[in-house]
Amino acid sequence: MDAKPLPELDRICAAFQCPGVWISSCPIPSGHINDTYCSEFEASGRRFKYVNQRINHHVFREPEKLMENVERVTRFARQRIEAEGGDADRRTLTIIPARDGKSFYRSPEGDYWRMFRFISGARTYDQVEDVRHVYAAARAFGRFQKMLARLPGERLHETIPGFHHTRGRYQAFLAAVERDAAGRAASVRPEIDFVLAREKDAGVVVDGLAAGRIPERVTHNDTKLNNVMIDDATGEGICVIDLDTVMPGSVLYDFGDSVRLGAATAAEDERDLAKVGFDLGMFDRLAAGYLDAARDFLVPAETELLAFSAGLLTLECGIRFLTDHLQGDVYFKIHRPGHNLDRARTQFRMVAEMERRQAAMEAVVGRYL
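In this note's numbering, the protein residues as written are 890 to 1258.
There's no promise every hint is true.
[Stated by the list, open to error] Quick list of the computed label-pair ranges, beta carbon to beta carbon:
no.	residue 1	residue 2	range
1	1220	1164	41 to 47 angstroms
2	1079	972	53 to 59 angstroms
3	1088	1124	40 to 46 angstroms
4	1124	1000	18 to 24 angstroms
5	1069	1019	42 to 48 angstroms
6	1019	953	38 to 44 angstroms
[As the list claims (entries may be wrong)] List of simulated lysine-lysine pairs, BS3-like, C-alpha gap at most 27 angstroms:
no.	residue 1	residue 2
7	1164	1222
8	991	954
9	938	991
10	1035	954
11	1035	1113
12	1113	938
13	1164	1113
14	1222	1113
15	954	1113
Don't read these hints as lab results, they were simulated from the structure.
Predicted, not measured: the structure shown is a model, and the values here were computed from it.
Cβ atoms here follow ideal geometry from the backbone N, Cα and C, with glycine treated the same way.
Assemble the whole structure, with the sequences as input and the hints as a guide.
Right, dumping it as structure tokens:
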């Protein structure tokens, strides 16, 4: 749903424990899932900003459990940051509780809303404007994982069950090929064969997790550049945001997906495959930043698969796009015929390039270990 100014945002804001008088709200046009707004308040002659979000409960079917995760993670992060003498107001999200004390407010219309303190003097970037930001974001994600490796209490809720279960994604792909609901299988035989040839890769991480060889961690699961706030003055990645998919997983999911997104040489839906490739220099910056923060808490079973994970998560994403194409484009939004097929082809092109340069990628990881 597109973010649009809502005339009742003053009423939504009034449901939270926010001091002062509401002045105005405007949309923040980023993100594809939730609706996000910036609201301004005045208190004691000063103005303060907050972030309002309407949680997309069609994607996240159990918003209460999602917010339990966010509340636990941000509370623990605040404790750790303050114990280390850091500025917790800038280095983690601060939830503004609702009037009833909950971490969210459910409107009479049935919408779930939450409110965070606005972090000033920092911003997010949808595109790479400075390669130093790539290092900074990767380091922030590594620091985030390392901190949450010590999160006490019960296992977090899975906000999207099976999200990165690559074997499950592979099985769904096989079922889509078999059913061929849209009658498209015959026209995409090379792409189908590309996936079938890599069946053994699908189980590497999930089987390692199941056997206990790879430790289960608290992971972010959406490690895009624009999910880290970069400090305007220092260029440091100060705060990891968009915590909806923080749940149990493997660090390999986070690192692999950050490479899929951060080291691509073309857009995810580029039709000209000659433009699609893998930037080893960007991989170097991603590995350097991540390992500078995370190297001393990772175990060998994780570090040995870091380079491999980049290809695996890229393959997984390509499988999802191809599966949706075979099913008739029922999950991902498309803007033209064959859009999901174009997306799948870019991912597979990157996988092939990563496989070709696997030794070089492993050498980079080894350098920063």
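For each hint, the structure was consulted:
In this structure the hint that residue 1220 and residue 1164 lie 41 to 47 angstroms apart at CB is violated, the actual value being about 26 angstroms. The supplied range of 53 to 59 angstroms is met by residue 1079 and residue 972, whose beta-carbon atoms lie about 55 angstroms from each other. In this structure, residue 1088 and residue 1124 meet the distance hint of 40 to 46 angstroms, their C-beta atoms being roughly 43 angstroms apart. Hint check: residue 1124 to residue 1000, Cβ distance near 37 angstroms, so the stated range 18 to 24 angstroms is violated.
The given range of 42 to 48 angstroms is respected by residue 1069 and residue 1019, whose C-beta atoms sit roughly 46 angstroms from each other. Our hint of 38 to 44 angstroms for residue 1019 and residue 953 holds, since their Cβ atoms are close to 39 angstroms apart. The suggested pairing of residue 1164 with residue 1222 holds, with an alpha-carbon distance near 23 angstroms, which does not exceed 27 angstroms. A distance of roughly 12 angstroms separates the Cα atoms of residue 991 and residue 954; the hinted pair therefore holds under the 27 angstroms criterion.
About 20 angstroms separates the Cα atoms of residue 938 and residue 991, which keeps this hinted pair within 27 angstroms; it holds. Between residue 1035 and residue 954, the direct Cα distance comes to roughly 23 angstroms. Compliance with the 27 angstroms bound is thereby established for this hinted pair. Simply put, residue 1035 and residue 1113 have alpha-carbon atoms about 18 angstroms apart, close enough for the 27 angstroms limit, and the pair holds. At roughly 24 angstroms between alpha-carbon atoms, residue 1113 and residue 938 fall within 27 angstroms of each other, so this suggested pair holds.
Taking the CA atoms of residue 1164 and residue 1113, the gap is near 21 angstroms; set against the 27 angstroms cutoff, the hint holds. Simply put, residue 1222 and residue 1113 have alpha-carbon atoms about 19 angstroms apart, close enough for the 27 angstroms limit, and the pair holds. Between residue 954 and residue 1113 the CA atoms are separated by roughly 23 angstroms; this keeps the pair inside 27 angstroms, and the hint holds.
Violation of the numbered hints given earlier is confined to hints 1, 4; the remaining hints are satisfied by the structure.
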